[in-house]
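Chains as they are written, first to last, in the numbering used here: chain A, 346 to 773; chain B, 346 to 773.
Hints are not guaranteed to be accurate.
As the list claims (entries may be wrong) - Pairs of lysine-lysine, BS3-like flavour, derived with a Cα cap of 27 angstroms: (1) B:746 with A:386; (2) B:740 with B:386; (3) B:662 with A:426; (4) B:538 with B:662; (5) A:662 with B:662; (6) A:608 with B:538; (7) A:634 with B:608; (8) A:386 with A:740; (9) A:398 with A:662; (10) A:347 with B:464.
Simulated from the structure, these hints should not be mistaken for lab results.
Note that the structure is predicted; figures quoted are calculated from it, not measured.
Number of protein chains: 2
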Amino acid sequence: MKITEVNITPIAISDPPLLNASGLHAPYALRTIVELITDSKVSGISEIPGGEKITIALGACRDFIIGKDPFNTTIILNGIKDHFGPENAFERGEQSWDQRCLGHILSAVEVACFDIIGKETNRPIASLLGGIVRQRVPFAAYLFFKHKGAGGELGFDITDNETGWPAVRQKQCIEVKDVLEQAVAMCQEFGFKSIKLKGGVFPPEMEVQALIELKSLFGDSVPLRFDPNGVWSVETAMKWSRQLEEVLEYLEDPVRGQESMAKLKSEISIPLATNMCTTSFEDIPSSIKFDSEDIILCDHHFWGGLRASMEISRICKTFGRRLSMHSNSHLGISLLAMTHLGAALPELPYALDTHYPWQSEEVIVGGRIAFEDGHVVVPREPGLGAELDRVALNKLHLNYKLCGLTCRDDEIEMQRVEPDWKFEAVRW
Amino acid sequence: MKITEVNITPIAISDPPLLNASGLHAPYALRTIVELITDSKVSGISEIPGGEKITIALGACRDFIIGKDPFNTTIILNGIKDHFGPENAFERGEQSWDQRCLGHILSAVEVACFDIIGKETNRPIASLLGGIVRQRVPFAAYLFFKHKGAGGELGFDITDNETGWPAVRQKQCIEVKDVLEQAVAMCQEFGFKSIKLKGGVFPPEMEVQALIELKSLFGDSVPLRFDPNGVWSVETAMKWSRQLEEVLEYLEDPVRGQESMAKLKSEISIPLATNMCTTSFEDIPSSIKFDSEDIILCDHHFWGGLRASMEISRICKTFGRRLSMHSNSHLGISLLAMTHLGAALPELPYALDTHYPWQSEEVIVGGRIAFEDGHVVVPREPGLGAELDRVALNKLHLNYKLCGLTCRDDEIEMQRVEPDWKFEAVRW
Chain A
346 MKITEVNITP IAISDPPLLN ASGLHAPYAL RTIVELITDS KVSGISEIPG GEKITIALGA
406 CRDFIIGKDP FNTTIILNGI KDHFGPENAF ERGEQSWDQR CLGHILSAVE VACFDIIGKE
466 TNRPIASLLG GIVRQRVPFA AYLFFKHKGA GGELGFDITD NETGWPAVRQ KQCIEVKDVL
526 EQAVAMCQEF GFKSIKLKGG VFPPEMEVQA LIELKSLFGD SVPLRFDPNG VWSVETAMKW
586 SRQLEEVLEY LEDPVRGQES MAKLKSEISI PLATNMCTTS FEDIPSSIKF DSEDIILCDH
646 HFWGGLRASM EISRICKTFG RRLSMHSNSH LGISLLAMTH LGAALPELPY ALDTHYPWQS
706 EEVIVGGRIA FEDGHVVVPR EPGLGAELDR VALNKLHLNY KLCGLTCRDD EIEMQRVEPD
766 WKFEAVRW
Chain B
346 MKITEVNITP IAISDPPLLN ASGLHAPYAL RTIVELITDS KVSGISEIPG GEKITIALGA
406 CRDFIIGKDP FNTTIILNGI KDHFGPENAF ERGEQSWDQR CLGHILSAVE VACFDIIGKE
466 TNRPIASLLG GIVRQRVPFA AYLFFKHKGA GGELGFDITD NETGWPAVRQ KQCIEVKDVL
526 EQAVAMCQEF GFKSIKLKGG VFPPEMEVQA LIELKSLFGD SVPLRFDPNG VWSVETAMKW
586 SRQLEEVLEY LEDPVRGQES MAKLKSEISI PLATNMCTTS FEDIPSSIKF DSEDIILCDH
646 HFWGGLRASM EISRICKTFG RRLSMHSNSH LGISLLAMTH LGAALPELPY ALDTHYPWQS
706 EEVIVGGRIA FEDGHVVVPR EPGLGAELDR VALNKLHLNY KLCGLTCRDD EIEMQRVEPD
766 WKFEAVRW
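With the rest of the complex left out, here is chain A:
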């Protein structure tokens, strides 16, 4: 079996005006859908963060994919790694999302290969990663401060006859009471049993107050996490962490860099998590040296795929760290890949992050994936368990071409609302 076609389709999906330390989400989030087709006409698909750079970089990898057996994933990935070399990998950058290219591309190719392998062997992907350890994978409610609107074509006003989550997801959320309303609506709609609040937007006292009130409202049975995306100083983090010791399950990237994280970790008792300071295998040795975090938020899109994620899970276990999972705005193909990985991980102490409730479109046949009591049920179909909806894909690709966005830039989006706003690596 050989791969004969590589289809790379950049898309733009509606994304609400979510606030974060980097600024504001644009009306569209950019994703890239990859489809590999074999000479036997088996199609394998994957989804990764999108934009112009990634589309060009992926296109340059065609020669390392075409003609290869998708079972020989290591050969394909080694070819791509050699082609890129460390000097051509983009910098991760200071934002909450990873701007490196290589991990994305490896992930796109590997997941699509796994989808083909699953179809060829008549097995769900989780079965090929060591097996289905859990039948349903827990996800967490992901709360955001936000402006009014639901992004892109859906950015209309709330109509009178909408209630619950469909209404709340379009509302402004800039006060503590809004956060509580959002949490209740999201948990009621999807059944989530863990909550994460994205912070780094407002002064610490307000965000900490929101967490304390969430804790008071939901009680001990709903673990809470908080992520200011590294824009707190060590002193600020030290001060406010003390108030959060009985409140948080874990504190994600309160400060920037492994050394600052390590300094904080040695002073406070809340477990520290990261998807910003330890974000690749290359970062692991210094993470061990500094002891910079308790929990690594893996993301198969950034770490180079599902097998690499199983390997980081082993590294976490070996060095006394725990694994959780990071997300960006995404559709169902990414959600399913995360679900297969979550199903196969030997240990899964935390509900996984997902932005999925904030999105409204889909590119897979059957449309939006349902949450069952806060969980996604692991598909029993071969591969990922999804097929491309080509009409939807074309529509979202047209969106990409029309929306005028070529890369994510939350600072520029924020400046459309607040012209003097500037990204600050450490703000509070």
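Add chain B to chain A, keeping to what the hints say.
Positioned in the frame of chain A, the structure of chain B alone reads:
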């Protein structure tokens, strides 16, 4: 698909009187053959080090295997790990071979599951580990000082009409000239392009002399390794290493323990390898802390299987170590598992160790596996690519029952020849 049968068959295979730091190989090496059979009558096989303890421990794991889907390997292995717990794992011990039980059992179960999965999906095991990166896997000549004879039933004298390897393998090897003769005969017979000498038997000056003469005879194109199994003191290793700097590809376990290895490593330029001081995931943090070796000799029998071996390969890459492979006396099932692993490893800088040329029997249909130019060709058949020869298995099981051995003890064997001989953890 469910596993319905677990067949555990201890066997004894002829083993020549090989000398090593622990003493002398007994006339029989003990192995255990495991067969898992599914309700669909698919059989998966594996081979691990044997003896009474391992047979009993494996038998106690039946409940965690029977009724399980072999694709859900992680669940089966987690069940066995939980059952054993750290307190029931045997100690590794001071000998060159690993006496812990858990790794062996995990390996036995996982490889047999992989054999079933391969047959079910019609793919060789290497394909299920990320794919076949190389079509042939290189192995190394493994030279031993030895007494006369070929072990067990084959321990007869050399007949006049035998030449080459069949003659040499039965000869005594206790002088430098014997080592050279053995090396030439083994390399001619099997085509090996790398050589390892097992040392720690004679005083360092004699073993170092053998290495220098091997180097002189074979030249730079045949890399040399040497393994005194930790019985040199740091001072001895420091002294003799200086003479080996231009001679060795790597030096394996010259001294005992991570701290001694680290001390030596900081003083000499020959890469240091180990299968004695860093032998499990639990040993990795202190290995990193001390910087105890350059190369980890993985062994899927000890590290808990093939996926675990792929994971240790990633850990090596992450921490700037390289991976090579360890062996004990074994038959073809182990050789094939090593070959699939060797085929799938993203990087394979060294030819793998194998005792296989020292063995003479087989338990698989078709008999002994051939080396092609020092390599084993990766099987293209589903799974391991081998079926049990049940007549041979029964014969070797009878050998086990008759031979009177229940565990490996090279010291007792040595004392049959030299009554006053005692194992010494550090001898020279």
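Each hint, compared with the structure:
For the suggested pair residue 746 (chain B) and residue 386 (chain A), the alpha carbons sit about 55 angstroms apart, so the restraint of at most 27 angstroms is broken. Proposed proximity of residue 740 (chain B) and residue 386 (chain B) is supported: the alpha carbons are some 24 angstroms apart, at most 27 angstroms. Note on residue 662 (chain B) and residue 426 (chain A): the hinted pairing holds, with a Cα-Cα distance of about 14 angstroms set against a maximum of 27 angstroms. Between residue 538 (chain B) and residue 662 (chain B), the direct Cα distance comes to roughly 25 angstroms. Compliance with the 27 angstroms bound is thereby established for this hinted pair.
Between residue 662 (chain A) and residue 662 (chain B) the alpha-carbon distance is near 17 angstroms, which keeps this suggested pair within the 27 angstroms criterion. Straight-line distance between C-alpha atoms of residue 608 (chain A) and residue 538 (chain B) comes to about 51 angstroms, which puts the hinted pair past the 27 angstroms bound. A C-alpha spacing of about 19 angstroms is found between residue 634 (chain A) and residue 608 (chain B), which places the hinted pair at or below 27 angstroms, so the restraint holds. A C-alpha spacing of about 24 angstroms is found between residue 386 (chain A) and residue 740 (chain A), which places the hinted pair at or below 27 angstroms, so the restraint holds.
Among the hinted pairs, residue 398 (chain A) with residue 662 (chain A) is inconsistent with the structure: their alpha-carbon atoms are about 35 angstroms apart, more than 27 angstroms. This hinted pair checks out: residue 347 (chain A) and residue 464 (chain B) have alpha carbons roughly 21 angstroms apart, not beyond 27 angstroms.
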